[in-house]
Every structure is written in structure tokens, then in C-alpha cells.
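Listed below, chain by chain, are the residues.
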Amino acid sequence: DAMVIQNPRYQVTQFGKPVTLSCSQTLNHNVMYWYQQKSSQAPKLLFHYYDKDFNNEADTPDNFQSRRPNTSFCFLDIRSPGLGDAAMYLCATGVPSQTQYFGPGTRLLVL
Amino acid sequence: AQKITQTQPGMFVQEKEAVTLDCTYDTSDPSYGLFWYKQPSSGEMIFLIYQGSYDQQNATEGRYSLNFQKARKSANLVISASQLGDSAMYFCAMREDLTNAGKSTFGDGTTLTVKP
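So the protein sequences, as listed, match chains A and B. Residue 1 is where the first sequence starts when you use our numbering, and the numbers rise one by one after that. Residue 1 is where the second sequence starts when you use our numbering, and the numbers rise one by one after that.
Worth flagging that the hints you see were computed from the coordinates, not collected in a lab. On a predicted model such as this, the values are computed, not experimentally measured, just so you know. Fair warning: there could be bad hints in the mix.
Taking lysine-lysine pairs in the DSS-like style, the calculated list, with each CA pair at most 27 Å apart, reads [stated by the list, open to error]:
(1) 38/A with 17/A
(2) 38/A with 70/B
(3) 44/A with 70/B
(4) 73/B with 3/B
(5) 115/B with 16/B
(6) 17/A with 44/A
(7) 44/A with 73/B
(8) 115/B with 73/B
(9) 3/B with 44/A
Not close to chain A: a few residues of chain B, all C-beta gaps over 10 Å, as computed [said to hold, decoys possible]:
(10) 30
(11) 56
(12) 116
We put the beta carbon where it would ideally sit given N, CA and C, even for glycine.
The following block holds chain B by itself, in its conformation from the complex (with noise of 0.2 Å):
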């Protein structure tokens, strides 16, 4: 089973506007992280924003929030007044056992399109 699920291949949202990205994870340790990247055409992976499993409040950073779900194990990222510039693919991944070097297993990634 995948770790880490990105449902929507591809979304469009108009310049202004506000679009949500979806992630759900699937894990049995208490102790992980969420994460967001985003890579434009340049190939460069941009970090973008963090949860941890016992944040009690969402993450914010700017305009990217990070809806966490804990119950539905879903983590899914807003961005709010989208800009030209935030066309790219996005990266949702998630760390376990957070006290060790451990890998990131990332998502399939969703193509976000802004549209002027």
C-alpha cells in the first residue's frame, strides 16, 4: 500500500484564487512529519512548509497553510491567492520515526496550472 497518496495528477486554478492540494498518508508510528515541496521546471525541490504528527495547531508559512486531519490521516496543503509563479509540481511527503536519519517517502506529486 502507498504511503503516501496525491490523488489529483493535475489541477488548474485561476490567478487569485485559492487552491487546495491533497495528501493522505498511511503510517502505524506515532512520531512522524509532513511535508510539502515544490519543484518548478528548474528541477530545484522547495521546501514549502512542515507538520509534525503532535502539532496540536495547523502550520502556516505566508500564503501556504497545511490543513492536518490527523483522524483521516490526510494533510492537505492551501494556497491561498495563487500567483503565476507558483505553477509547478508539488510534493507531498512524510517522515516516521523522526529521531532517525529515516527517508522521506514522497507522494506521486500534483502538476498545479495557474491560469492569468
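So here's chain A without its partners, still in its complex pose (with noise of 0.2 Å):
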């Protein structure tokens, strides 16, 4: 039953080294977005796709990129994690003029 589902739910990462977090989705949305959460802090868009097309955030840093090979995938690498980056990534759903479906999402620690 599952709508938005993200692997791994707990990822562990080495200073600088490349990680991907996935996010798949069972709704057919047309759009995918990617949120940092710090602790006890509100979501921050780092970047969504409406479609094919990718739209960034103007402070995402360079070392957060993304992927979209379909409708159902979405993905989110960080290039060079910092410790900074420690963060649980929400990835959501959602069409235009509707709410957006959040995935359980994916905490990261880097060491």
C-alpha cells in the first residue's frame, strides 16, 4: 500500500564519499521534489522535477544532484557529503493544485 516509498531508510556514509538515496512512487505524479530536514527544523526544497523537467533551488549546493529516469524513480546524489549533510531527506509527490505526498525518508549520517 505504500505510495512513496524511499531506500534505504537509514543510510551511513564516509566523509566525501558519493552516496544515492532513491525514491520510488505508485501514484503516477507528475511531480517529484527532494527536502533536507535538520533536526528539529522544517523542510528545505533542495530541488523538484515537474515532469522531465528539473528545477533547482538557488542555495542548493552544487554537490546535491538529482535524477529522474521515469515517472516512478527519482534520485538524489550527493557528490561529497560533509558532515554538515547529516539530515533526513524527505522525498514527496504530487500534482499541481494538490497536496504533496511525503515518503517515510531516508536518514543519512556521515561519519
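Two independent chains are provided; combine them into the complex using the hints.
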């Protein structure tokens, strides 16, 4: 029944070692979002895809990249994780004028 | 200026009582939507309730209702008959320009603790 799936739920990586987080959806929504959420803070939008169109937020570091090979899947690549990138990463899907549906999140730990 | 303001970092309520979580917003867009999400300690963001800027009536979903006061730009969440499972972080969010994919802007959240 899960509609937005994120894998893995917990990810440990080393400082500077590239890491990829994945998100898939069964809702067939045309928009997919990636948020970063640090402890006790509001989610911060990194970027979103509207179909195949990529929309980057102005303050998203170049260290963060994304891929959307098809409607169902979207990936977040962190090219060289730093200690400050340790956070919860939330994927969400949606259609214009409606709410976003969030996945369970991936907690990233950087050692 | 912040677009979404939640002035209560933490709230306590007795089980079975009602509680109001405050949210004010700022936008010049005539078409917008307001959302409330619940985030338990597990981290998942759970959608609770939605209010559109053109909706005439306040939104309700089970024990959740949204007290929408457009002129005051407030969209407070009311939880009736609080349960222990309601203890969580609550976020108010706004999406402007609803015809677009448009991102949601989130408030800083309110941590609700329900006491037995």
C-alpha cells in the first residue's frame, strides 16, 4: 500500500564518499520533490522535477544532484558528503494544486 | 520576511482535550493553499488537512479542523479530543500559485505533547 517509497531508511556514509538515495512512487504523480530536514527544523526544498523538467532551488549546493529516469523513480546524489549534510532527506510527490505526499524519509549519517 | 510563522515551539495538552496550533502566513498571491502536516518521531510527514484560499468553509477532517481567517492571514489547526498518539511535530505549509508545481513553504513547526 505504500505510495511513496524511500530506500534505504537509514544510510551511513563516510566523509567525501558519494552516496545515492532513492525514491519511488506508485501514484503516477508528475511532480517529485527532494527536501532536506535537519533536526527540529522545517524541511528545506532542494529541487523538484515537473515531469522531466528539473527545477533547482537557488541556494541548493552543487554537491547535490538529482536524476529522474522515469515517472516512478527519482534519485538524490550527494557527490561529496560533508558532516553538515547529515540530515533526514524527504521525497515527496504531487500534482499541481494538490497536496504533496511524502515518503518515510532516509536518515543520512556522515562519519 | 517569513512566509509561514508558527509562534509556538512547544505545546502541551491533556488527553481528551482540544488544542489549537497557530499559523500565520504572508502572500500577495490570490490563489494559494494551506496545509498541515504531522511528523511523528519516526520522521514521516503525514498530510492532515488542506484549505484553499477560495474555499468558503473551514476545512474539517475527522478530529482535525482548520480555523481559516483570511483577512487576518491565519490558518490555525484545531485538534479535538486529543489522543496520546497525537504527540508529534506539526508543520503548517503554504503553496502559492496553485496552477504550478510550486514548492510548499513550511513553518518552523510546533511540538505537541499530549499528557495522559
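Of the numbered hints stated earlier in the document, which are not met by this structure? 2, 8
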